[in-house]
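Chains as they are written, first to last, in numbering that gives the first Met the number 0: chain F, 0 to 412; chain B, 0 to 481.
Some hints could be false.
Computed cross-link-like contacts, DSS-like style, restricted to lysine-lysine with a CA-CA straight-line distance of at most 30 Å [what the hints assert, rightly or not]: (1) K367/B <-> K374/F; (2) K143/B <-> K309/F; (3) K309/F <-> K358/F.
Sample of chain B residues lacking proximity to chain F, with all beta carbon distances greater than 10 Å (derived) [claimed, not checked]: (4) Q167; (5) K355; (6) P406; (7) E409; (8) V410; (9) T414; (10) A421; (11) S424; (12) M462.
Treat the hints as calculated values from the structure; they're not laboratory data.
Cβ coordinates follow ideal geometry from the N, Cα and C atoms, glycine included.
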Amino acid sequence: MKTDISWLNTLRQNALTQFEQTRFPSQRLEDWRYTNLSAIEKKQFAFANQVETFDDTHKNHLADFMLNDCYHAIFVDGFFDALLSTLPENITVCSINEAAEHHETVLAPVFNQAIESPHGFTHFTNVHFSDGIFVCINEHSQLDKPLQILHFATQQAMSATRHVVILEENACATLIETFIGVETQTYLTSSVLEIFLNDHANLTLYKVQQDSDKAYHFGGTYVKQADNAHFTHHNFALGGLLARSEIMSHLETGAQCELNGLYLGENRQHLDNLTRIVHAKPDAVSREYYKGILNHRARGVFQGRIVVAKDAQCTDSQMNNRNLLLSSDAEIDTKPQLEIYADDVKCTHGVTVGQLDEKSIFYLQSRGIDEDHAKHILTFAFANEMVDKITVPSLHDCVFTQLLARFPQGAER
Amino acid sequence: MSANNDEINNLLNQDYKQGFVTDIQADTFPVGLNEEVIAKLSKVKNEPEFMLEYRLKAFRHWQTMPSPDWAQLNIDPIDYQEISYYSAPKSKENAPKSLDDIDPEILDAYKKLGIPLAEQEQLAGIAVDAVFDSVSVATTFKHKLQEVGVIFCPISEAIREYPELIKQYLSSVVPVGDNFFAALNSAVFTDGSFVYIPKGVRCPMELSTYFRINASNTGQFERTLIIADEGSYVSYLEGCSAPQRDENQLHAAVVELVTLKEARIKYSTVQNWYPGDKEGKGGIYNFVTKRADCRGDNSKVSWTQVETGSAITWKYPSCVLTGDNSVGEFYSVAVTNNLQQADTGTKMIHIGKNTKSTIISKGISAGKAQNTYRGLVKVLKSAENARNYTQCDSLLVGDKCGAHTFPYVEVKQPTAQIEHEATTSKISEDQLFFCQQRGLSPEDAVSMIVNGFCKQVFKELPMEFAVEAQALLGLSLEGSVG
């Protein structure tokens, strides 16, 4: 851990003081009421060490998730692996530790500024992050290929990463965050990503969380959107034993924000998704669409909040959350919230919890498809709506394959 | 739009018509709360021993509880030692025997409120239990109801005369320690209404209670308990008002409803406590716990509320759907204006099979008011085929108010079907333009749109109340349909 930069040292110190007070969030906090973190405290994870060499199974596992048409920034147990990574050349992309030294004038003023409601996990990440990625795209430039930020956990330990992405005016980029780990390994990954979009910047961000089925995951994405900036997020929560995903965005005049999400829970998974969109200024548009499928004893949580500030007239905002429960032991807790202080707004939200449409099943049966198969097809289609929104071909294939693995009869391959 | 805003504001800004003080002599306890006060209270009410124990248990529990602060409300801290916990209109005897015994000024006060209390109002067909400050002053139609076996009396009387029913049902829906205000109420409640509908009886008339806080510095802690035995039906109406005073007054009521097999209760409220003046000075703090337990199979409870008054409203009429096939309904219109705050909604707890619930909530926020819908739909594992439909719409009038929607949906049963929809909007210029283009004045157009917005709820109200509710909105239907 490099800690010889004074501003960062101070920041880590402050975060440590705060973390000692808060610890990991308790269920008494409204935003954490459905998620019990006591298991993490009990595990008493050690910090991960930097690994020197990989065995072949690890290499193959990693290769499965590295997308061929992208740049790669690879983090193994939280440490940046320069050898495995391929970074774009004409754009400022480097590890955050390097940026703290060489790009201090850009990084220091914005660091931590997008996190509006910090809690134990953001403090924890600020104290302990081993590395992260720093991306700064200049005015009117764009990233020619998507950049994949791949987190790979190999040890029974905890690791934290801290990323900062800045898009200057009219800049454009696509980023993909991938979280994977060695199967059946127990670990904790905590990742905080701050994004600053200047006027008319346009960022598409994908997050694919495919951690091991014993892993604990926290991923927070905090976005500041300046006037007319566009932000699109696609969130796929597929893995992990207990995974919490947070996306919060702050919208200035005319900004557009689109949040899509899919959480697929099975066995004893607990998938918690929290989103918050703050319309601070007029004329911003937000669209939010989250879908969940819960099977076995899995529990899904969706907490979405749209805040429309006093001056944010002509806000147009929609939130939708649809859930499918497949088993009598599965549970969904959903909390779509609107907090509105301006009058000239169009805000709606909708939630449904239910099961597959009997008529659709009957229709398929009448066409000679047996009931189980019909259910697979319909469940697959329910989820595939979100997967189809992916525009990066290699990523689409990757997530599609995951989905097909869950519902093998769902589609022809 | 600002011209229209002004018109809407004018409509909503009507002065509080029920804000008169009735000058009558009253027996009032000095301010403060301790075990002695509770003992004295219990003695004054001539209660059996078990009630004193019950009250003291509640009081001791209350002392251990912190004042809750989770609602989307700004509340100045309340000093519970600055409140008088008992105020009774002074009359010649402990309890009035007939209308002649009642202080004519009280009757006058009720007349001003338009309550059909006097005998000549019999044609209205409503039996009224009027609670003035802390005691029940009169119950009309008592004898007529007794003929069919319906018990409708002040709860203090029920405690003396039907202790078995009280012991069995009091606090069986809202436990003593349920929440801060319920515990306080259990310790110090002074009066309220008690209704028991025997098996298979359809209550021949609508029952009604009118609450009024008159004395200053008193809190009103009333307690209502309604039991509908197997196959029975009752429609119950509740209205409230209070005089205009500069200081805030506390109203912390508890309402418990129990429906046994195939019984139905329809509970309607028009809440018009004094909301405070335009600067937010004074007004009632209305912190109410209302809950229904649909204990029997095929039973049904329907809550309808029109909330226009109170400086702060904080209440969630709820249904625990224990019985199979039981049904819970919640229809609400909440209007907040000036500096009023409302945090209201419902809880539907699905326990039995095939239970159904419907929630329709309409919030109208004007001036600098804050209006929050907060609701919970919980489906337990046992509630196969549970069904819920929720719709909450908010209408914003003016750019300084707020409207918030905080629904919670918790489902543990895959066969459950839950739908929730919420919208927030203002009166659209297109709608106004359309109406005006058809020859309506802007005022009538607004009135028509607001009434249309609330119609789904108003149609659930009994006739008399629907009229009052519409009048309360300051908007007349006649003007809008013509």
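Checking each numbered hint in turn, tell me which of them this model violates, lowest number first. 1, 2, 3, 6, 7, 8, 9, 10 and 11
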